[in-house]
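Q: Each chain, written out:
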Amino acid sequence: MMKLIMKLQSKSNIRVLLVMLIFLIYLGCEKEISTTAPDEEIPQGFLYVESQPLGSTIYLNDKNTGRITPGLVPYLESGNYKLSLKKKYLRDTTISVTLTDFDTSKVFIDYLQNPMMLGKITFNSSPANASVYLNDSLLANKTPFTIAGLTPGKYNVRFKIYNHRDSEIPLIVESNKNSTAYSVLRDTAQWVDYQIANSEIQSNILTCVTVDNNNVKWIGTSNIGIISFNENQFINFNTSNSLILSSYVNCLAVNNDNSVWIGTNNGLSILINGTWTNFTHNNSDLPNDNVNSIIFDVNGNAWIGTNNGFSKFDGSTWQNYNYASSSFEYLWVTDLALDQSGNLWIGSNNFGILKFDGNYFTEFQESAYNFLTNRITSLDVDNLDRLWVGQQLTSQSRGGLSIYNGAAFTNLYLGTTNNKINNIFISQQFKWISTNEGFSMYDENNSNTFFSTNNSYLSNNNVTGIAHDKNNNLWITTLGGGLNKYKMVTK
Amino acid sequence: MNKIVLLISLILCLFIISCEENFNPFGDYKERYVLTCLLDGNSNYQVATLSKSYFTGTFNPFDNTTDPSIQDAEIRIWLADSVYLLIDSTIERGDTSQYITPFKFYYTDKVKPVSNKVMEIEALLSSGKRLTAVTVTPSDITFNNGNPTVIPPVDENYLNFSWRSQSVYTFYDIRFMITYFKNENGRSIKYKKEIPIAYNTHGGIEEPIFPSSGRSSSVSYPMETVTKFLQSISEGDENKSNYSIEIKPLIEVLVMDESLSRYYSSTNQALNDLTVRLDENDYTNIDGGLGIFGTYMTKKYTSISFVASYIQSFGYNVIYN
Chain E
467 MMKLIMKLQS
477 KSNIRVLLVM
487 LIFLIYLGCE
497 KEISTTAPDE
507 EIPQGFLYVE
517 SQPLGSTIYL
527 NDKNTGRITP
537 GLVPYLESGN
547 YKLSLKKKYL
557 RDTTISVTLT
567 DFDTSKVFID
577 YLQNPMMLGK
587 ITFNSSPANA
597 SVYLNDSLLA
607 NKTPFTIAGL
617 TPGKYNVRFK
627 IYNHRDSEIP
637 LIVESNKNST
647 AYSVLRDTAQ
657 WVDYQIANSE
667 IQSNILTCVT
677 VDNNNVKWIG
687 TSNIGIISFN
697 ENQFINFNTS
707 NSLILSSYVN
717 CLAVNNDNSV
727 WIGTNNGLSI
737 LINGTWTNFT
747 HNNSDLPNDN
757 VNSIIFDVNG
767 NAWIGTNNGF
777 SKFDGSTWQN
787 YNYASSSFEY
797 LWVTDLALDQ
807 SGNLWIGSNN
817 FGILKFDGNY
827 FTEFQESAYN
837 FLTNRITSLD
847 VDNLDRLWVG
857 QQLTSQSRGG
867 LSIYNGAAFT
877 NLYLGTTNNK
887 INNIFISQQF
897 KWISTNEGFS
907 MYDENNSNTF
917 FSTNNSYLSN
927 NNVTGIAHDK
937 NNNLWITTLG
947 GGLNKYKMVT
957 K
Chain S
110 MNKIVLLISL
120 ILCLFIISCE
130 ENFNPFGDYK
140 ERYVLTCLLD
150 GNSNYQVATL
160 SKSYFTGTFN
170 PFDNTTDPSI
180 QDAEIRIWLA
190 DSVYLLIDST
200 IERGDTSQYI
210 TPFKFYYTDK
220 VKPVSNKVME
230 IEALLSSGKR
240 LTAVTVTPSD
250 ITFNNGNPTV
260 IPPVDENYLN
270 FSWRSQSVYT
280 FYDIRFMITY
290 FKNENGRSIK
300 YKKEIPIAYN
310 THGGIEEPIF
320 PSSGRSSSVS
330 YPMETVTKFL
340 QSISEGDENK
350 SNYSIEIKPL
360 IEVLVMDESL
370 SRYYSSTNQA
380 LNDLTVRLDE
390 NDYTNIDGGL
400 GIFGTYMTKK
410 YTSISFVASY
420 IQSFGYNVIY
430 N
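Protein chains in written order, with our numbering: chain E, 467 to 957; chain S, 110 to 430.
If we strip away everything but chain S, and leave its shape as in the complex, we get (with noise of 0.2 Å):
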């Protein structure tokens, strides 16, 4: 009786036992193809990458120095029933601390988006791999702001810029830019600046801050803080009469479509509808792998003009462009 309990002892200790295993953190590699394409909506000449994941064998990333990328496949954009072949690629890298060989890339010179237009892309490994996704253009954006906007407004204390869309899912990006000319020297430097929303203190130093990219389909900008840009183009340079301002600033939105939205939208973490709640921060479109492919479309906005009088009371010259 004694040897069966001794028996039946041993059996118990060998199953805690034999289910213990070493941790690895690592986990199992398996490798997997990273397409990216970001098809630009004022251009012809859309570029692509692809790459694959590798593995160092430790816990810095930068350890590898054997290039990703990947050359042989074949990447194709197809537009309603045209299709277009990217050609490979490569350009000699500014960065040379990880990777020395040239960065490789697909492009090609003949598509360009237009608005609400299905969109595809596929790419062929020369293994027979086929990495796909499809997205939608966004659609084009009309400005709310129907009669030439005046800085600084009458009556009012904000610059409001606003558009409408047909798409839903939409995020924006808006930058609102000056262009002016300083002399330096002896000769005329132009710059063109973009004029932040807010100013905020961080210990004593006043630090710009711009618009986030968001769904909101408005804009408005405190004239204060319009004022306060302008003047401190030229701080410290007593000499205003160097600095001559463009009288038609800027609005560029620039537009994402549904799957760039997302894009983004995960990325920033940010809680909406929009979110795609991931375990880890790698959202992707793209079947059969890993990236995104996307479109983006810049709308400008140019009936807007500064009284001249306004630009003239900072000592600066105006430029009727």
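So that you can see chain E by itself, here it is in the shape it has in the complex (with noise of 0.2 Å):
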């Protein structure tokens, strides 16, 4: 070091050394050391993506991005990206984009200008020439007919056909393809079923039925007390928002009042013009709360059979009637009917018929008047002031239809296997006999004629009531099946 000192015999060389010093000094303090890594810059290329329709979603070079239209994918890398849109029931689009740093590329497809997008529909019906509404708007054409250039998605198609029910259906249509909307429509012009699934009706298991002097019909169920049906709107009356007594109906009468009389499984409800009048064994002399029958007679009583014993109450005053035998201590009453001489008939579930002049008992059993079973489900009286009675099958014998002409009994059976008589019906000329496999219509030649699910449009089978309004319809309950209309004159 000193010999090269020595060498340097200028100022200026001097000058040069020191300022070789300082610079190695500034170099010699340098560090290269850093304890985390760089920050990797943010890029700053945005993509804004808008389709017709909306809701696609957004792929980038083929991966999902969990955007959908109109949607903007942020913070991506400058260069080409390979944007496909997807969206159910279209076809994929697929294109290339560039992106550049710190701008925005807005992209918009417009699936609607490819014709290959859009898809089409073939409308049929049986019948024919039903009318169509696609999506509510109704369309010119009449079954069957095809529209092309629909946008995919989902419609809903509803046909309709003077005297047969609308049917609805909902219905997927995809780019280039053709869907088929076909509907059987159901022909109204003599049946019209009301059930849970095709109406505003609340319940399907229903055990009676009866008109008032307006035509309203009223409904008794086994789970929501009675409905009553105005031919355009159902009203329930249940236990939580009237007061009825129970939502088990047994039975339904109306009387000159146009009040309703409802039998349920707890005790009376009578309904005048929206208000409630409850009778039980407990707040009334009610004899028993099982209300089985409710008829009136031409003074305006009433006639109320329980499953122990009955009563005729006129609007104030009970009296209550029984009878016992050597075989039984008290009367299970299942239905009432007056002749035209003012007798009262008494079905019952154990001992046969009674018949009551308002003195005497008469007795009618099977074993001794040879009809079919003790065991009586209904009564009626028809117009020649002959007794009906429906019998309950037994584990030893058939159920059955017995008339009973004031001499003797007449036995029927209606062609079923079990002949389970629920209910009899007579009105005008006509005999109405409910049965769980269906049921049957006599005429005044007592020609039969049996309706089931087999050969009518009837719901179900297990019918519980019918009646009879004054547009010459007929109004038949079924347990399970909700409500049937048969119109007796097709208009």
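It is possible that part of the hints are untrue.
To be verified - Calculated cross-link-like contacts (lysine to aspartate or glutamate; reagent style EDC-like; alpha-carbon spacing at most 16 Å):
id, chain 1, residue 1, chain 2, residue 2
1, S, 238, E, 632
2, E, 554, S, 190
3, E, 529, S, 190
4, E, 552, S, 229
5, S, 238, E, 506
6, S, 139, E, 507
7, S, 238, E, 507
8, E, 529, S, 249
9, S, 161, E, 543
10, S, 139, E, 505
11, S, 238, E, 543
12, S, 221, S, 181
These are calculated hints, taken from the structure and not from any lab test.
Combine both chains into one complex, guided by the hints.
A: Next up, the structure:
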């Protein structure tokens, strides 16, 4: 080092040496140590994608971005991307886009401009010539026909033909495909069924029906009390929204004042102009809370059959009747009927039929009178003053129908397996017999026509009650199949 | 000449002094982001948390009282071609000693991982910062115990359980559980407890030892330990009939995927093939930040039954569940 200095003779050389040393100091202190990795720069490319229709999933380079149109895919590296849009029922669309930093690229894809993206529907119905509503818009043509150029997606198709029930079906239209909308429309020219699935009725488990003076149908149920139906609206009166005594209704009757009398398994409820009056064995002389039958005599008295005898009720006073024999201690009344002489006929579940003339009872036992069983389900008197008797099947014998003309019983079977008679309803010259296998109609000549699900549009074979309205329609309740309307005169 | 020597000496001194610097123990602070998401293969409900590093200026991290959670990010999870956006939410803290604001997290109730699938997570912060991770869900396991396992086993002093899986780099966490009921003041209280694999004595006190997580696909419980555990549940209580044991205990094997296994391995400092040796104990598989993204699944083996007389030998009742 000293030798080197000795060689430097001039001042200028010393200056150069000083500058070099200072430079060395600067460089010698420099460090290139970092404890953390440098931050990567955040990419600044943005892609905004719109489509018609909206809601397409945005894919970039075949990866789902998790974003749908219209949507912004932010912070992308600059460069070329494969942009794909995917939407259910539509074909995929793919284009190439180039992104640059600090810029938002905008892409708009109109699926509907591409005819390959659109779909068709062929409409057909049985019977043909139905009007078609597509998403509530009436189309100009009648079935069968095809329309094209439809935006893929979900549609609702409704077919409509006079005297047929409307049919509504969902349909999916896909790109470049022909979808078929086909429906069989139910003929309602003679039969109309009202079930939970196809109407506003609140129950399908119906036990009885009657028609009031205003032609309103009153329907008993086994689960939600009663339902009124004015052919426009079903109104349910149940234990939650009314004072009805029970959800289970056994029988219904309408008095001359248009009050509705409801026999339940928990007493008698009466509905008069929206006001409820209830009778049970706790608050009245009603002999038993299981009310099975209600009829009215010419004086306006109500005769009420229960599981333990029957009563005459004039609106204020109860007069109770019962009957016992060596075999039975009480009378289980299933149905009541009045003949033209004013005699009360009492059907029982335990010992056949009784006739009550106001003072005395006359027994009619199966063994003595040769009808079918002593388990009577229903009674009614026809215009010839004959007593029609429906009987329950027993372990020993079939049920069936018997007619008493004042002298002898004639037994009839309805041609069904069980012959379990649920109800007899007589209106003018027709007798309507409800069974658990359908129902029968007897005309004035005792000619029988049997209706079931096999030969009619009856919704369920377990028929529990029948009533006739002022428009000559028959109303049929079923246990499980809701309500049926049978138009006796087809309009 | 003397002047020159003096000048050079001064410069050399300057050279030495100029390189001196004060020591800074904190280093350069740089904000980092932490994404944590452990997917449960037995549930649709998945949770992720996102937070950032903080600098307190002291050596005590608890000096920070500002919640470092980040709530305005978008977190997505990919499973095959499906993408699930996580919803941000909050929950009140049980411990408010450091942070008083509600705990922030992201969740979805729509993702249930299935075996051997690639899953991906992305957290996109409002600044554009992106944290991503990929994992592969673990393979399903099949227990090798063909016949129902009876306790105590015939002619053996150990209860052996083993299973097999297609995954190689998998950690397992094993629990041997029993359920019993104790009659306490007329009420039957349910207990579910884990049976230890051994007992260790420290200072005259016996401590239960439970199986540690690891790659082994089998576990052996000495019958002596099982018996000791069953005795211990009624220790000090002379009325043994107060206890009713369900006859069917349960083996639960928690299967971790490779990401979670590596994390578990590194944080436990184990020296094996899965160990990631780092100067700092901060293993991460999150690109762009720190944290862990992994999946785990729990498989239950229920074909086990106590012999009723064995339970009754302790004076306990048997519940045939």
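Q: Could you run down the list of hints and mark each one as holding or not?
A: Do the hints match the structure? See the list:
Between the alpha carbons of residue 238/S and residue 632/E the distance comes to roughly 58 Å, so the proposed pair goes past 16 Å and is violated. Restraint check for residue 554/E and residue 190/S: satisfied, since their Cα atoms lie roughly 14 Å apart, inside the 16 Å limit. Only pairs whose Cα atoms come within 16 Å are accepted, and residue 529/E paired with residue 190/S is accepted, the gap being roughly 8 Å. Restraint check: the Cα-Cα separation between residue 552/E and residue 229/S comes to about 21 Å, which exceeds 16 Å; the hinted pair is violated.
For the hint linking residue 238/S to residue 506/E, the alpha-carbon distance of about 9 Å falls within 16 Å, and the restraint holds. Simply put, residue 139/S and residue 507/E have alpha-carbon atoms about 14 Å apart, close enough for the 16 Å limit, and the pair holds. Restraint check for residue 238/S and residue 507/E: satisfied, since their Cα atoms lie roughly 9 Å apart, inside the 16 Å limit. Annotation: proposed proximity of residue 529/E to residue 249/S is violated, straight-line Cα distance about 27 Å (limit 16 Å).
Distance restraint check for residue 161/S and residue 543/E: the Cα-Cα separation of roughly 24 Å exceeds the 16 Å cut-off, and the hinted pair is therefore not satisfied. Between residue 139/S and residue 505/E, the direct Cα distance comes to roughly 9 Å. Compliance with the 16 Å bound is thereby established for this hinted pair. At most 16 Å may separate the alpha-carbon atoms for a hinted pair to count; residue 238/S and residue 543/E meet this at roughly 12 Å. Only pairs whose Cα atoms come within 16 Å are accepted, and residue 221/S paired with residue 181/S is rejected, the gap being roughly 24 Å.
Of the hints listed earlier, those the structure fails to meet are numbers 1, 4, 8, 9, 12, in rising order.
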